[in-house]
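Participant: As a plain string of letters, each chain reads:
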Amino acid sequence: GQQLNQSPQSMFIQEGEDVSMNCTSSSIFNTWLWYKQDPGEGPVLLIALYKAGELTSNGRLTAQFGITRKDSFLNISASIPSDVGIYFCAGQSFQGAQKLVFGQGTRLTINP
Amino acid sequence: NAGVTQTPKFQVLKTGQSMTLQCAQDMNHNSMYWYRQDPGMGLRLIYYSASEGTTDKGEVPNGYNVSRLNKREFSLRLESAAPSQTSVYFCASSEVGGEKLFFGSGTQLSVL
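Sequence order for the protein chains is A and B.
Here the first sequence is numbered in the working numbering, starting from 207 and rising by one per residue.
Here the second sequence is numbered in the working numbering, starting from 20 and rising by one per residue.
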């Protein structure tokens, strides 16, 4: 089946630093999404991207839909303690509209 | 609004036992999903229901059955639990389009 490769798998940073993570696929997706999971909770949607090249922000978060449609990037600026959690990318294709494919996740840890 | 509610939150089973995970949503969504989350594997789709009265297999359906009881409720059944089914299970629902998922808070299942 389709797979997404998300990197890095984990990050340990200082509060105030910027964060970058990415997701790549061997397949084309028509929609890219980024979710965040807080400890003990289910994932929550952060950003949805619908067009190749699209750049979308949500507060300190910025995500981009790669022009090849096979990758996406998430940046977090000036990290704060509540940014701790697991970040998942997800892709949706035309063929599998109801079947999101998720990356393995990036676990973010912040040292105050 | 409660959103997506899952029960139970924790469960321990012995190999061969059966159980049903319950899920209900109050957002009037047509589509509902069951995912499992394992370390380093991200979220993998077990089964989904695009609309009331329909169910379809996802990526990892073996060993599971589902029932879409009505528009609000979607249950997941393990007929004969195996240690490989030890995981965190998430129910989710979505609007038309299927990319913006709303997740429950999860069920942590251990099979001994």
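Hints were generated in silico from the structure; no laboratory data involved.
Cβ atoms here follow ideal geometry from the backbone N, Cα and C, with glycine treated the same way.
Each hint should be verified, as a subset may be incorrect.
Covered stretches of chain A (chain B as the covering partner; in silico rule of three or more C-beta atoms under 8 angstroms from a C-beta of chain B) [what the hints assert, rightly or not]: (1) 216 to 223; (2) 305 to 316.
Here are the computed lysine-lysine pairs in the PhoX-like style, where the Cα-Cα straight-line distance is at most 20 angstroms [to be verified]: (3) B:K90 - B:K76; (4) A:K257 - A:K305; (5) A:K276 - A:K305; (6) A:K257 - A:K276; (7) A:K305 - B:K119; (8) A:K305 - B:K33; (9) B:K76 - A:K257; (10) B:K90 - B:K119.
Participant: Check whether the Cα positions of K90 of chain B and K119 of chain B lie no farther apart than 20 angstroms.
Facilitator: Cα-Cα ~18 angstroms, so holds.
Participant: Verify the coverage statement for the region 216 to 223 of chain A against chain B, using a C-beta to C-beta distance below 8 angstroms and requiring 3 or more qualifying residues.
Facilitator: Per the Cβ count (0), the hint is violated.
Participant: Given the hint that K257 of chain A pairs with K305 of chain A, test it: the Cα-Cα distance must not exceed 20 angstroms.
Facilitator: Roughly 19 angstroms between the alpha carbons, so the hint for K257 of chain A and K305 of chain A holds.
Participant: Please verify whether K76 of chain B and K257 of chain A have alpha carbons no more than 20 angstroms apart.
Facilitator: Between K76 of chain B and K257 of chain A the Cα gap is close to 28 angstroms, so the pair fails against 20 angstroms, i.e. violated.
Participant: Regarding the pair K276 of chain A and K305 of chain A, is the alpha-carbon distance no greater than 20 angstroms?
Facilitator: Between K276 of chain A and K305 of chain A the Cα gap is close to 17 angstroms, so the pair holds against 20 angstroms.
Participant: Would the hint linking K257 of chain A and K276 of chain A be met if the CA-CA limit is 20 angstroms?
Facilitator: It holds: about 12 angstroms lies between the C-alpha atoms, which stays within 20 angstroms.
Participant: Given the hinted pair K305 of chain A and K33 of chain B, is their Cα-Cα distance within 20 angstroms?
Facilitator: violated, 31 angstroms
Participant: Against chain B, does the region 305 to 316 of chain A show at least 3 residues with beta-carbon separation below 8 angstroms?
Facilitator: Contact hint for the region 305 to 316 of chain A vs chain B: holds, 6 residues under 8 angstroms.
Participant: K305 of chain A and K119 of chain B were given as a pair; does the straight-line alpha-carbon distance stay at or below 20 angstroms?
Facilitator: holds, 11 angstroms
Participant: Given the proposed pairing of K90 of chain B with K76 of chain B, does the C-alpha separation stay at or below 20 angstroms?
Facilitator: holds, 18 angstroms
The structure fails to meet hints 1, 8 and 9 from the earlier list, while all remaining hints are met.
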